[in-house]
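Asker: Sequence:
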Amino acid sequence: MIRCMLNIWGVILYLRLPWITAQAGIALTWLIILMSVTVTTITGLSISAISTNGKVKSGGTYFLISRSLGPELGGSIGLIFAFANAVAVAMHTVGFAETVRDLLQEHNSLIVDPTNDIRIIGVITVTVLLGISLAGMEWEAKAQILFFLVILVSFINYLVGTVIPATAEKQAKGFFSYRADIFAQNFVPNWRGPEGSFFGLFSIFFPSATGILAGANISGDLKDPAVAIPKGTLMAIFWTTVSYLVLSATIGACVVRDASGSLNDTVAVGSPGCEGLACRFGWNFTACTQQQSCRYGLSNYYQSMSMVSGFGPLITAGIFGATLSSALACLVSAPKVFQCLCKDQLYPLIGFFGKGYGRNSEPIRGYMLTYVIAIGFILIAELNAIAPIISNFFLCSYALINFSCFHASITNSPGWRPSFRYYSKWAALFGAAVSVVIMFLLTWWAALIAFSVVIFLLGYVLYKKPDVNWGSSMQASSYNMALTYSVGLSEVDEHIKNYRPQCLVLTGPPNFRPALVDFVGTFTKNLSLMLCGNVLIGPWKQKMPESHLMADGHTKWLIKRKIKAFYTDVVAEDLRSGVQMLIQAAGLGKMRPNILVLGYKRDWRTASPQSLEDYVGILHDAFDFKYGVCLMRMKEGLNISRVLQAHVNPTFEAAEHPKNGTGSRAAPGTVDPTTLANEQQASTIFQSQQGKKTIDIYWLFDDGGLTLLIPYLLGRKKRWGKCKIRVFVGGQINRMDEERKAIVSLLSKFRLGFHEVHILPDINQKPRPEHIKRFDELIAPFRLNDGFKDEATVNEMRQGCPWKISDEEVDKNRAKSLRQVRLNEILLDYSRDAALIAITPPIGRKGRCPSSLYMAWLETLSQDLRPPIILTRGNQENVLTFYCQ
Numbered sequence: 001m002i003r004c005m006l007n008i009w010g011v012i013l014y015l016r017l018p019w020i021t022a023q024a025g026i027a028l029t030w031l032i033i034l035m036s037v038t039v040t041t042i043t044g045l046s047i048s049a050i051s052t053n054g055k056v057k058s059g060g061t062y063f064l065i066s067r068s069l070g071p072e073l074g075g076s077i078g079l080i081f082a083f084a085n086a087v088a089v090a091m092h093t094v095g096f097a098e099t100v101r102d103l104l105q106e107h108n109s110l111i112v113d114p115t116n117d118i119r120i121i122g123v124i125t126v127t128v129l130l131g132i133s134l135a136g137m138e139w140e141a142k143a144q145i146l147f148f149l150v151i152l153v154s155f156i157n158y159l160v161g162t163v164i165p166a167t168a169e170k171q172a173k174g175f176f177s178y179r180a181d182i183f184a185q186n187f188v189p190n191w192r193g194p195e196g197s198f199f200g201l202f203s204i205f206f207p208s209a210t211g212i213l214a215g216a217n218i219s220g221d222l223k224d225p226a227v228a229i230p231k232g233t234l235m236a237i238f239w240t241t242v243s244y245l246v247l248s249a250t251i252g253a254c255v256v257r258d259a260s261g262s263l264n265d266t267v268a269v270g271s272p273g274c275e276g277l278a279c280r281f282g283w284n285f286t287a288c289t290q291q292q293s294c295r296y297g298l299s300n301y302y303q304s305m306s307m308v309s310g311f312g313p314l315i316t317a318g319i320f321g322a323t324l325s326s327a328l329a330c331l332v333s334a335p336k337v338f339q340c341l342c343k344d345q346l347y348p349l350i351g352f353f354g355k356g357y358g359r360n361s362e363p364i365r366g367y368m369l370t371y372v373i374a375i376g377f378i379l380i381a382e383l384n385a386i387a388p389i390i391s392n393f394f395l396c397s398y399a400l401i402n403f404s405c406f407h408a409s410i411t412n413s414p415g416w417r418p419s420f421r422y423y424s425k426w427a428a429l430f431g432a433a434v435s436v437v438i439m440f441l442l443t444w445w446a447a448l449i450a451f452s453v454v455i456f457l458l459g460y461v462l463y464k465k466p467d468v469n470w471g472s473s474m475q476a477s478s479y480n481m482a483l484t485y486s487v488g489l490s491e492v493d494e495h496i497k498n499y500r501p502q503c504l505v506l507t508g509p510p511n512f513r514p515a516l517v518d519f520v521g522t523f524t525k526n527l528s529l530m531l532c533g534n535v536l537i538g539p540w541k542q543k544m545p546e547s548h549l550m551a552d553g554h555t556k557w558l559i560k561r562k563i564k565a566f567y568t569d570v571v572a573e574d575l576r577s578g579v580q581m582l583i584q585a586a587g588l589g590k591m592r593p594n595i596l597v598l599g600y601k602r603d604w605r606t607a608s609p610q611s612l613e614d615y616v617g618i619l620h621d622a623f624d625f626k627y628g629v630c631l632m633r634m635k636e637g638l639n640i641s642r643v644l645q646a647h648v649n650p651t652f653e654a655a656e657h658p659k660n661g662t663g664s665r666a667a668p669g670t671v672d673p674t675t676l677a678n679e680q681q682a683s684t685i686f687q688s689q690q691g692k693k694t695i696d697i698y699w700l701f702d703d704g705g706l707t708l709l710i711p712y713l714l715g716r717k718k719r720w721g722k723c724k725i726r727v728f729v730g731g732q733i734n735r736m737d738e739e740r741k742a743i744v745s746l747l748s749k750f751r752l753g754f755h756e757v758h759i760l761p762d763i764n765q766k767p768r769p770e771h772i773k774r775f776d777e778l779i780a781p782f783r784l785n786d787g788f789k790d791e792a793t794v795n796e797m798r799q800g801c802p803w804k805i806s807d808e809e810v811d812k813n814r815a816k817s818l819r820q821v822r823l824n825e826i827l828l829d830y831s832r833d834a835a836l837i838a839i840t841p842p843i844g845r846k847g848r849c850p851s852s853l854y855m856a857w858l859e860t861l862s863q864d865l866r867p868p869i870i871l872t873r874g875n876q877e878n879v880l881t882f883y884c885q
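Here UniProt numbering is used: the first residue of the sequence shown is 1, the next is one more, and so on.
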């Protein structure tokens, strides 16, 4: 309480409150005081609530705001608040220097001239205060107690002086003890000078109310901040408010606005030609009033309190105590707040000032920086010019403190449990709004500067995204918004115009297949859901620790790669059952995947038959669950796990499953989350500019339009923006023009912007013999060769080897097989130099097409191609429409 009271009882109390009373009148001065107190009281309640919501460490106001609102706003206001306190050191020091200068002037002992004397005395004073601060908190606390006693004695001395009958010398300076007519005249405003307006005076007075944060600013030095801050802050506000109101009313009832100070200006009561209230008391100040040359009176003499008091030197001592104590408090507060900010490393180039020295980690470098800033503003040497500068910065701090309290309350976070209950979230919001309004009413351009600084610092932190986790209300608000919108989305019926490709990407560990991650991340970024799925194969007890250990590392890897995606994993006995879990359980409400994306299984010819069955079975499962399917194949492959020399989970390109189905195991300590998040990122072709190449779409089947949609979304991205999209469709040679126009017309209705359409009249031609022979050789190891065996023998062979191909199945699917061979020839002819090929793959009917035959189709269709190829098949759900409703 004492620290807050000392900081509130600053230079304004003694040197400017009587002058403000003369300008604004007692009524408006009380309004100024009560408006300031309203803001500070609401802020005091908010700071009390925030400071009792958990243990408070050093860093004061910055610590409270940053841990409540997060680093974005907390960091910016911490920098501003530290700067405002440094400037406040200058304001209080200039008030002290001004008093010393006036004393020297009365005795004709000026050092140089009135202005430079303030500068000289101010620099010397702040240097002494710096020495006290560097001596440690023990000396600083003792000095504060001494200053507090001096101020109390001086205030009592002033009150005693108001009831002592005025001497002739005091009457000549405008003091006539308590008079009702003086009170009545001073009750109304009398605006004078450039500061003569309500908000002009408010801006000068308001810094005197900013001391409420003095206790919070040294939170790290308090034994029990959760108790000391609320109790001390609110008690300090109450008692200092009473003292301000009493001072304004008493001095406004005793002293006239203008007086000459000359003992020769006496006059008989009621003499003609005498103007002004002093004429009733036998004094004629008409001449100096008309010539505006009066040196005394409330409107002209800043030392009116000293003149009224019973013993003037005590008031001077009180001024010294108030100004020096406030300057000392600000000189201690600013470095400590700044030190906490520096330690959090939110901004560059300031970490140098965060180092602490000694047992209490005193911020010596911060003291020196505050000292330099204070000297810079002391050189202004004009109290009325310095005070408005810091008003806006303190108001900005108060606005954010109140908003912190409101925001923490409105998010309904279970972590918001302040032990101080006497606050209101709506009062906090009102306090924040009033603070902002007052900022613009005081000095609109200074308010704009303050907000510009906050916004700039906010933008910097948002851009840098510092790695801090303080459990702020911003995080709670993000959760609230996500939950609200997700629940609300469940009530919205699906519509084809709102279709988005939401992808479940079977990456295994995402860092093993960066190309697959980059490809999907390119067209889902800021558009739709991307979920990286990983199946950990093995016993539950063995794999669960790995799941918990690695999940955070994989998420950080995605963030570092700037991929906006989620990571999830499941533990399963085998691959297919794990993927079935992911397909069924992934997502939330309407935020569920609708496309399964996976890499092409390059090792299908050497892999175990069961893994082959699982792979093709996964594709059938996806269609059964109404998923679209997107297979990706690259000439160099997708899996770089061997390059990384890390543990491989047997997913979609991994080695053959062991017979027990448990998969390979990671050596203990092979990859930890920190190493995973910090490993060097592998580059892929999807991260580079594609230039003026082509994206070739082979739209061979109507699957709902998914084959067209994904290349369209890719073409909207900057890296693919220069690529020309070509659409190839089958047709007849004698109707090429008509079919091209029909397809162009259809595509234009879809508004995809695809204008280059190619008809393939030779798509149904028989492929070259050597290519047919290569296909036959490809499937030869998987054939049953059952043409001359009896039916019972064939059935027995099929039950034992369901993946193998019977002669009957070869014959029934001959046309489809030859079509894949022919399509591969067309791809090599037309798209050898494309940036990407998108094609509709064939579908092998479940139970009628063995897995080895289907894989042979995919192999034949996509082999020998240099560009990446995506084989996309929708689930017959329309994803494009040319209707407006």
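Simulated from the structure, these hints should not be mistaken for lab results.
Just so you know, even glycine gets a beta-carbon here, dropped at the ideal spot from N, CA and C.
Keep in mind that a hint or two might mislead.
Stated by the list, open to error - Per label pair, the in silico range of CB-to-CB distance:
no., residue 1, residue 2, range
1, GLN542, SER745, 36 to 46 Å
2, VAL492, HIS548, 33 to 43 Å
3, TRP470, LYS142, 28 to 38 Å
4, LYS692, LYS541, 53 to 63 Å
5, GLU756, VAL468, 47 to 57 Å
6, ARG735, GLY459, 22 to 32 Å
7, TRP426, ILE164, 19 to 29 Å
8, ALA168, PHE440, 47 to 57 Å
9, LEU441, GLN584, 56 to 66 Å
10, ASN412, GLU491, 14 to 24 Å
Asker: Now, for every hint given, state plainly whether the structure supports it.
Answerer: For each hint, the structure was consulted:
1. Roughly 59 Å separates the CB atoms of GLN542 and SER745, a value that falls outside the hinted 36 to 46 Å.
2. Separated by about 35 Å at the C-beta atoms, VAL492 and HIS548 satisfy the suggested range of 33 to 43 Å.
3. Distance hint check for TRP470 and LYS142: the Cβ-Cβ separation is about 35 Å, which falls inside the suggested range of 28 to 38 Å.
4. Distance hint for LYS692 and LYS541: a CB-CB separation of about 55 Å, consistent with the stated range 53 to 63 Å.
5. Range check, GLU756 to VAL468: about 50 Å between beta-carbon atoms, so the 47 to 57 Å window is met.
6. Take ARG735 and GLY459: their Cβ atoms lie about 59 Å apart, and the range 22 to 32 Å is violated.
7. Remark: the range hint 19 to 29 Å for TRP426 to ILE164 is contradicted by a beta-carbon distance near 48 Å.
8. Against the hinted window of 47 to 57 Å, the Cβ-Cβ separation of ALA168 and PHE440 comes to about 49 Å, which satisfies the hint.
9. The hint said 56 to 66 Å for the Cβ distance between LEU441 and GLN584, and at roughly 60 Å that hint holds.
10. The hinted range of 14 to 24 Å is satisfied by ASN412 and GLU491, whose Cβ atoms lie roughly 21 Å apart.
In summary, the numbered hints that this structure violates are 1, 6, 7.
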